[in-house]
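S.K.: Residue numbers (this note's numbering), protein chains in the order written: chain G, 4 to 115; chain A, 3 to 123.
Read the hints as simulated data drawn from the structure, not as lab findings. Nothing here was measured: the structure is a model prediction, and the numbers come from that model. Among the hints, erroneous ones may be present.
Lysine-lysine pairs mimicking DSS-like chemistry, simulated, CA-CA at most 25 angstroms apart [claimed, not checked]:
1) G:Lys82 x A:Lys67
2) G:Lys53 x G:Lys115
3) A:Lys45 x G:Lys53
4) G:Lys47 x A:Lys67
5) G:Lys115 x A:Lys67
6) G:Lys82 x G:Lys47
7) A:Lys67 x A:Lys45
8) G:Lys82 x G:Lys115
9) G:Lys47 x G:Lys111
10) G:Lys82 x G:Lys111
11) A:Lys45 x G:Lys111
12) G:Lys82 x G:Lys53
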Amino acid sequence: DIVMTQSPRTLPGTPGEPASISCRSSQSLLHSNGYNYVDWYLQKPGQSPKLLIYMGSNRPSGVPDRFRGSGSGTDFTLKISRVEADDVGVYYCMQALQIPQTFGQGTKLEIK
Amino acid sequence: QVHLVESGGGVVQPGRSLRLSCAASGFTFSGYAMHWVRQAPGKGLEWVTLISDDGANQHYADSVKGRFSISRDNSNNTLYLQMNSLRPEDTAIYYCARGSGAYRSTSCYNWGQGILVTVSS
Chain G
4 DIVMTQSPRT LPGTPGEPAS ISCRSSQSLL HSNGYNYVDW YLQKPGQSPK
54 LLIYMGSNRP SGVPDRFRGS GSGTDFTLKI SRVEADDVGV YYCMQALQIP
104 QTFGQGTKLE IK
Chain A
3 QVHLVESGGG VVQPGRSLRL SCAASGFTFS GYAMHWVRQA PGKGLEWVTL
53 ISDDGANQHY ADSVKGRFSI SRDNSNNTLY LQMNSLRPED TAIYYCARGS
103 GAYRSTSCYN WGQGILVTVS S
């Protein structure tokens with residue numbers, strides 16, 4: 004199985020300041036079609052997870068452009084350009100390249 | 003607007019069975035793969051199983067293989083998860099999620115609100 008490792012596990016965020024989360028996979032997530040099969044999800048307190056980024060860098064409609072996914076192969080990053088109070092929650096990366104699809108352990112964003 | 007509503011959860015004794023349902027609306031159900039993802043209390047997300055858009059293909063996490071079975075009724079826009087030989091470690095919130103495509107390598111594009119399954123004597 005592909006292991007997804009996130010860092011940091013806890014992220015203190017300052018409103019208006021940038022923040023980033025790293026996700027590393029134990030195998031390359033780059034498909035022969037050129038896409039990286041990694042997603043990012045946010046689970047706000049008491050809510051279901053929500054898709055933020057799919058296939059490495061694509062944002063579903065309705066996701067603010069403050070959220071950006073980047074990286075290729077085994078190293079990926081989720082960047083929040085300007086943290087807002089509403090961004091608190093746990094962020095997960097997930098690989099969709101291979102079965103079983105696997106999640107990272109999660110990164111908890113807390114507002115300072 | 004995509005809407006996914008899980009039902010069928012509850013408290014069940016170890017070794018018993020339970021069937022979850024997920025009613026889908028707001029999209030062409032028969033055109034998308036569907037996932038079940040679970041979250042044990044206070045823990046992270048665990049992918050459980052995937053079924054292709056036509057129901058012909060299913061895949062499972064090792065932790066549930068041979069005990070859980072995913073199926074779908076495209077005529078009634080409903081996804082199912084049959085859970086047999088339940089163990090205490092299966093205690094979790096179970097989410098159904100719409101895939102971003104028809105079969106494999108699909109993101110969990112939309113999520114239901116989740117349903118709690120508690121396995122305890």
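S.K.: Straight-line Cα separation of A:Lys45 and G:Lys53 no greater than 25 angstroms?
M.R.: holds, 17 angstroms
S.K.: When you check the alpha-carbon spacing of A:Lys45 and G:Lys111, does it fall within 25 angstroms?
M.R.: holds, 12 angstroms
S.K.: Would the hint linking G:Lys47 and A:Lys67 be met if the CA-CA limit is 25 angstroms?
M.R.: Violated, at about 30 angstroms.
S.K.: Given the hint that G:Lys53 pairs with G:Lys115, test it: the Cα-Cα distance must not exceed 25 angstroms.
M.R.: holds, 23 angstroms
S.K.: Does G:Lys111 sit within 25 angstroms of G:Lys82, going by the straight-line distance between their CA atoms?
M.R.: holds, 14 angstroms
S.K.: Straight-line Cα separation of A:Lys67 and A:Lys45 no greater than 25 angstroms?
M.R.: Judged against 25 angstroms, a Cα distance of about 21 angstroms means the pair holds.
S.K.: Would you check the hint for G:Lys82 and G:Lys53, treating anything up to 25 angstroms between C-alpha atoms as holding?
M.R.: With a Cα-Cα distance of about 16 angstroms, the restraint between G:Lys82 and G:Lys53 holds, given a limit of 25 angstroms.
S.K.: Going straight from one Cα to the other, do G:Lys82 and A:Lys67 come out at no more than 25 angstroms?
M.R.: With a Cα-Cα distance of about 36 angstroms, the restraint between G:Lys82 and A:Lys67 is violated, given a limit of 25 angstroms.
S.K.: G:Lys82 and G:Lys115: Cα distance at most 25 angstroms?
M.R.: holds, 18 angstroms
S.K.: Given the hinted pair G:Lys47 and G:Lys111, is their Cα-Cα distance within 25 angstroms?
M.R.: holds, 10 angstroms
S.K.: Against the 25 angstroms threshold, does the CA-CA distance of G:Lys82 and G:Lys47 hold or violate the hint?
M.R.: At roughly 17 angstroms apart (the allowed maximum being 25 angstroms), G:Lys47 and G:Lys82 satisfy the hint.
S.K.: Has the given pair, G:Lys115 with A:Lys67, been kept, meaning a C-alpha gap of at most 25 angstroms?
M.R.: violated, 43 angstroms
Going down the numbered hints, you'll see the structure goes against 1, 4 and 5, while the others check out.
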